[in-house]
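Given the structure of chain A, go ahead and fit chain B onto it with the hints provided.
Each protein sequence line maps, in turn, to chains A and B.
So for the first sequence, the working numbering puts the first residue at 2; every next one is plus one.
So for the second sequence, the working numbering puts the first residue at -4; every next one is plus one.
Keep in mind that the hints were calculated from the coordinates and are not lab data.
There may be inaccurate statements among the hints.
What the hints assert, rightly or not - Taking lysine-lysine pairs in the BS3-like style, the calculated list, with each CA pair at most 27 angstroms apart, reads:
{"#": "1", "chain 1": "B", "residue 1": "153", "chain 2": "B", "residue 2": "166"}
{"#": "2", "chain 1": "A", "residue 1": "157", "chain 2": "A", "residue 2": "308"}
{"#": "3", "chain 1": "A", "residue 1": "156", "chain 2": "B", "residue 2": "120"}
{"#": "4", "chain 1": "A", "residue 1": "157", "chain 2": "B", "residue 2": "120"}
{"#": "5", "chain 1": "A", "residue 1": "151", "chain 2": "B", "residue 2": "166"}
{"#": "6", "chain 1": "B", "residue 1": "107", "chain 2": "A", "residue 2": "157"}
{"#": "7", "chain 1": "A", "residue 1": "422", "chain 2": "A", "residue 2": "491"}
{"#": "8", "chain 1": "B", "residue 1": "107", "chain 2": "B", "residue 2": "120"}
{"#": "9", "chain 1": "A", "residue 1": "151", "chain 2": "B", "residue 2": "120"}
{"#": "10", "chain 1": "A", "residue 1": "217", "chain 2": "A", "residue 2": "157"}
{"#": "11", "chain 1": "A", "residue 1": "491", "chain 2": "A", "residue 2": "247"}
{"#": "12", "chain 1": "B", "residue 1": "127", "chain 2": "B", "residue 2": "153"}
{"#": "13", "chain 1": "A", "residue 1": "550", "chain 2": "A", "residue 2": "274"}
{"#": "14", "chain 1": "A", "residue 1": "151", "chain 2": "A", "residue 2": "234"}
{"#": "15", "chain 1": "A", "residue 1": "105", "chain 2": "A", "residue 2": "6"}
{"#": "16", "chain 1": "A", "residue 1": "156", "chain 2": "B", "residue 2": "51"}
{"#": "17", "chain 1": "A", "residue 1": "217", "chain 2": "B", "residue 2": "127"}
{"#": "18", "chain 1": "A", "residue 1": "247", "chain 2": "A", "residue 2": "550"}
{"#": "19", "chain 1": "B", "residue 1": "27", "chain 2": "A", "residue 2": "379"}
{"#": "20", "chain 1": "A", "residue 1": "239", "chain 2": "A", "residue 2": "491"}
{"#": "21", "chain 1": "A", "residue 1": "440", "chain 2": "A", "residue 2": "491"}
{"#": "22", "chain 1": "A", "residue 1": "491", "chain 2": "A", "residue 2": "266"}
{"#": "23", "chain 1": "A", "residue 1": "105", "chain 2": "A", "residue 2": "156"}
{"#": "24", "chain 1": "A", "residue 1": "379", "chain 2": "B", "residue 2": "107"}
{"#": "25", "chain 1": "A", "residue 1": "440", "chain 2": "A", "residue 2": "422"}
{"#": "26", "chain 1": "A", "residue 1": "379", "chain 2": "A", "residue 2": "550"}
{"#": "27", "chain 1": "A", "residue 1": "234", "chain 2": "A", "residue 2": "266"}
As the list claims (entries may be wrong) - Taking CB as the label site, the calculated pair distances span:
{"#": "28", "chain 1": "B", "residue 1": "70", "chain 2": "A", "residue 2": "90", "range": "27 to 37 angstroms"}
{"#": "29", "chain 1": "B", "residue 1": "116", "chain 2": "A", "residue 2": "38", "range": "29 to 39 angstroms"}
{"#": "30", "chain 1": "B", "residue 1": "167", "chain 2": "A", "residue 2": "145", "range": "26 to 36 angstroms"}
{"#": "31", "chain 1": "A", "residue 1": "105", "chain 2": "B", "residue 2": "116", "range": "29 to 39 angstroms"}
{"#": "32", "chain 1": "B", "residue 1": "70", "chain 2": "A", "residue 2": "82", "range": "36 to 46 angstroms"}
{"#": "33", "chain 1": "A", "residue 1": "130", "chain 2": "B", "residue 2": "98", "range": "48 to 58 angstroms"}
{"#": "34", "chain 1": "A", "residue 1": "130", "chain 2": "B", "residue 2": "28", "range": "55 to 65 angstroms"}
{"#": "35", "chain 1": "B", "residue 1": "116", "chain 2": "A", "residue 2": "300", "range": "40 to 50 angstroms"}
{"#": "36", "chain 1": "B", "residue 1": "134", "chain 2": "A", "residue 2": "234", "range": "37 to 47 angstroms"}
For glycine and all other residues, C-beta sits at the position ideal for the given N, C-alpha and C.
Here is what each chain is made of, one letter per residue.
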Amino acid sequence: MAFVKLNDLEIEVEDGTNIVEAARQHGIEVPHYCYHPGLTRPANCRMCLIETYGPIPGAPPGTIGPARQLATGCTTTVRTAPPDRKLDDKYDAIVQTDSPRVKKAREDVLEFLLVHHPLDCPVCDQAGECDLQDYSYRHGHDKSRYIEVKNVPPKKDLGPDVLLYSTRCVVCTRCIRFAEEVSGTGELGLVHRGSHDEIDIPRSHEGVPLQVLDNKLAGNVVDICPVGALISKDFLFKSRPWFMEKANSVCSGCSVGCNITVEYKVDGVYRLKPRFHEDINQHWMCDDGRLGYHYVNSDDRLQLPLKRVDDEFTPTHWADALAVITEKLSEVEAEDIVVIGSAQGTNEDNYVLQQFAHDVLKTTQLGLFGQLLGEEHKFPQFTIEADKNPNTAGARTILGSANGNVVLEGDTLWEKVSGAKVVYLVSGLPERPLEDAEKAALESVDFLIVQDILPSEITQLADVVLPGTTFAEKDGTFTNSTGWVQRIRKTIDPPGEARVDWEITQQLAKQLGGEMNYHFAGEIALAISENVAGYGDATHQKIGDAGIKLAE
Amino acid sequence: MSDELIQIETPFAFNEENQREFDELIGRYPIKEAAMLPTLHLAQNQTGYITPAVMKYVAEQLEVSVMKVKDVVTFYPMFFEEPVGDYVIRVCHTLPCALRDCKVVLEHLKEKLGTDIASETNLAKGTTADGKFTLMKVECLASCDVAPVIMVNGDLHKNLTPEKVDELLAKLAS
Chain A
2 MAFVKLNDLE IEVEDGTNIV EAARQHGIEV PHYCYHPGLT RPANCRMCLI ETYGPIPGAP
62 PGTIGPARQL ATGCTTTVRT APPDRKLDDK YDAIVQTDSP RVKKAREDVL EFLLVHHPLD
122 CPVCDQAGEC DLQDYSYRHG HDKSRYIEVK NVPPKKDLGP DVLLYSTRCV VCTRCIRFAE
182 EVSGTGELGL VHRGSHDEID IPRSHEGVPL QVLDNKLAGN VVDICPVGAL ISKDFLFKSR
242 PWFMEKANSV CSGCSVGCNI TVEYKVDGVY RLKPRFHEDI NQHWMCDDGR LGYHYVNSDD
302 RLQLPLKRVD DEFTPTHWAD ALAVITEKLS EVEAEDIVVI GSAQGTNEDN YVLQQFAHDV
362 LKTTQLGLFG QLLGEEHKFP QFTIEADKNP NTAGARTILG SANGNVVLEG DTLWEKVSGA
422 KVVYLVSGLP ERPLEDAEKA ALESVDFLIV QDILPSEITQ LADVVLPGTT FAEKDGTFTN
482 STGWVQRIRK TIDPPGEARV DWEITQQLAK QLGGEMNYHF AGEIALAISE NVAGYGDATH
542 QKIGDAGIKL AE
Chain B
-4 MSDELIQIET PFAFNEENQR EFDELIGRYP IKEAAMLPTL HLAQNQTGYI TPAVMKYVAE
56 QLEVSVMKVK DVVTFYPMFF EEPVGDYVIR VCHTLPCALR DCKVVLEHLK EKLGTDIASE
116 TNLAKGTTAD GKFTLMKVEC LASCDVAPVI MVNGDLHKNL TPEKVDELLA KLAS
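This is chain A alone, in the form it adopts within the complex (with noise of 0.2 angstroms):
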């Protein structure tokens, strides 16, 4: 650990962490444009520069002063000092990062940077949550001394989601080592020069492009860009940033687990952010995950359980469909019932209805759902799965807890489905498509129960649809391939009459004479603590923001 004075605080720091991370650990906001801590340093913008002091050349020896120069924060690092190196006989490093030359330089850098950038925050998406109107409020002139023509560098699409306002670009190149460094397919770099500097995608001279930004990651540009120069079209002119929610949540795209953001008002589910985790997906997050987010909000979601008379299906209250169900249930032997958890809903969902399959239903017959295999992609700093389903892992475990580990998935299950008389599936996937073998063994079960989001080949089938939540709607947790248990939390109500999915298991139990009695999910989580092995951390409170790894 080295000692570093850091303006008037005595603090104590890993040695290799730069003054900018140094300065932030202990709240100190040291300015900053080109540096993200995911990337490569280039300390091209010039905003973070501090001062250091050090012995003065000439002077008497234990004499101390600032350095001739200003560093760059983002590149100076803190390491302990040999003992007869120590400055003031104990620091390791003095740095001040408020010192008037400091200020005065701050200011400096920054009025150069303003001085092509035009006064449009009014009608600019980043607005609100822009590093260059944060910094040019605290740490900029009042007002720009540049009186000649700005330079005006066209608007460019560069992908399917990204947009260029050249504009407004400081030139701080994190995109350009992004692709480079992060996702590895490079699209982006600098052309012209100087003051006539632009990002761009490669294009002939008469501007076709030649390749487009178009790989996976390519939204995370977005979140990295200090300014509003990179926008998404998906959220472009959606929303102001204050008006929206935050909540901390998982993607629900693969089995990754991306930490995330959800940001949504009253109406809906409106961006997706990636939010950071060292182990699992370090800042970024893919734009399946980021724009999959669309069926949350879609006007056709399911609102009413619907039941199936003379071949069509009738909305129907609660109470009656759970009255049908419950009549048909009360009818067969246990041998006959086939209960099937999703690999998309919680772990706090599949618990509940593992509990009814065995206490219940008394039937051991239970399956795993989820999205079929999709594809994988490798970045040279990031995976997206082939396992298009969040908490396959968790559902697994936890469908097979009290069931000797046997879940069934696949061609078993579907064998299993071909001779039940009543299924219970839970769904909520969406845009699942059944393959044949699938859908055929739906086909010839007497009595399907189907639980999901929206309608699909899935809910073609039912004889009674219950509209269940998606990630969005509902608190939970989800357990990545990784072994990661992370905490997914509810942001918006479900539409109309949709319930949880394990609110709709435990009151279809207590109409059977279940005794089951959940009042939210950490309850259950709770109750997962105690009797799922592995499990035992997991509770909500442990679990957190940050989530906990399963013991191997």
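Coordinates of chain B only, in the frame set by chain A:
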């Protein structure tokens, strides 16, 4: 995206002689990317200007992204992205040449050739209709002692006056 991706109909490749030269020069550098500038010069000498096909070919040869090549091509004013004349006339307009009346030389050239001065993004503006000459202004050519100077396709011409320019143009035109 409204824009269609560019389709390269006639791919570029080095001719035999340039291929030999490329093989030779690539060995001089620790990494392939470092050979970017000489490779681009070779390619430009072969085609006259850098087309998308050239950028793609060079990127493949040097194992870098196309954007890296585009980056370099747009940075240096000696690479052209559109056709230029057979003779590219670069007129120095930095201080010593300016003091020695390069303006007169430039105006004379403009009048004689009947073109404007090319800008980096619009070379056609400075190219004569017959495609023989391209006229452009450049920064210091490092021959201030013999100002004003111009450079024609790599050859330096010193101590210029309108008369000398006439002589030169006559020689080039023949």
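Checked hints:
no.	hint	result
1	B:153 <-> B:166	16 angstroms, holds
2	A:157 <-> A:308	51 angstroms, violated
3	A:156 <-> B:120	25 angstroms, holds
4	A:157 <-> B:120	25 angstroms, holds
5	A:151 <-> B:166	44 angstroms, violated
6	B:107 <-> A:157	40 angstroms, violated
7	A:422 <-> A:491	35 angstroms, violated
8	B:107 <-> B:120	15 angstroms, holds
9	A:151 <-> B:120	24 angstroms, holds
10	A:217 <-> A:157	19 angstroms, holds
11	A:491 <-> A:247	10 angstroms, holds
12	B:127 <-> B:153	22 angstroms, holds
13	A:550 <-> A:274	22 angstroms, holds
14	A:151 <-> A:234	26 angstroms, holds
15	A:105 <-> A:6	21 angstroms, holds
16	A:156 <-> B:51	25 angstroms, holds
17	A:217 <-> B:127	47 angstroms, violated
18	A:247 <-> A:550	25 angstroms, holds
19	B:27 <-> A:379	25 angstroms, holds
20	A:239 <-> A:491	21 angstroms, holds
21	A:440 <-> A:491	32 angstroms, violated
22	A:491 <-> A:266	12 angstroms, holds
23	A:105 <-> A:156	33 angstroms, violated
24	A:379 <-> B:107	60 angstroms, violated
25	A:440 <-> A:422	15 angstroms, holds
26	A:379 <-> A:550	23 angstroms, holds
27	A:234 <-> A:266	19 angstroms, holds
28	B:70 <-> A:90: 27 to 37 angstroms	50 angstroms, violated
29	B:116 <-> A:38: 29 to 39 angstroms	37 angstroms, holds
30	B:167 <-> A:145: 26 to 36 angstroms	49 angstroms, violated
31	A:105 <-> B:116: 29 to 39 angstroms	37 angstroms, holds
32	B:70 <-> A:82: 36 to 46 angstroms	41 angstroms, holds
33	A:130 <-> B:98: 48 to 58 angstroms	51 angstroms, holds
34	A:130 <-> B:28: 55 to 65 angstroms	36 angstroms, violated
35	B:116 <-> A:300: 40 to 50 angstroms	48 angstroms, holds
36	B:134 <-> A:234: 37 to 47 angstroms	41 angstroms, holds
When the structure is compared with the earlier hints, violations turn up for hints 2, 5, 6, 7, 17, 21, 23, 24, 28, 30, 34 and for no others.
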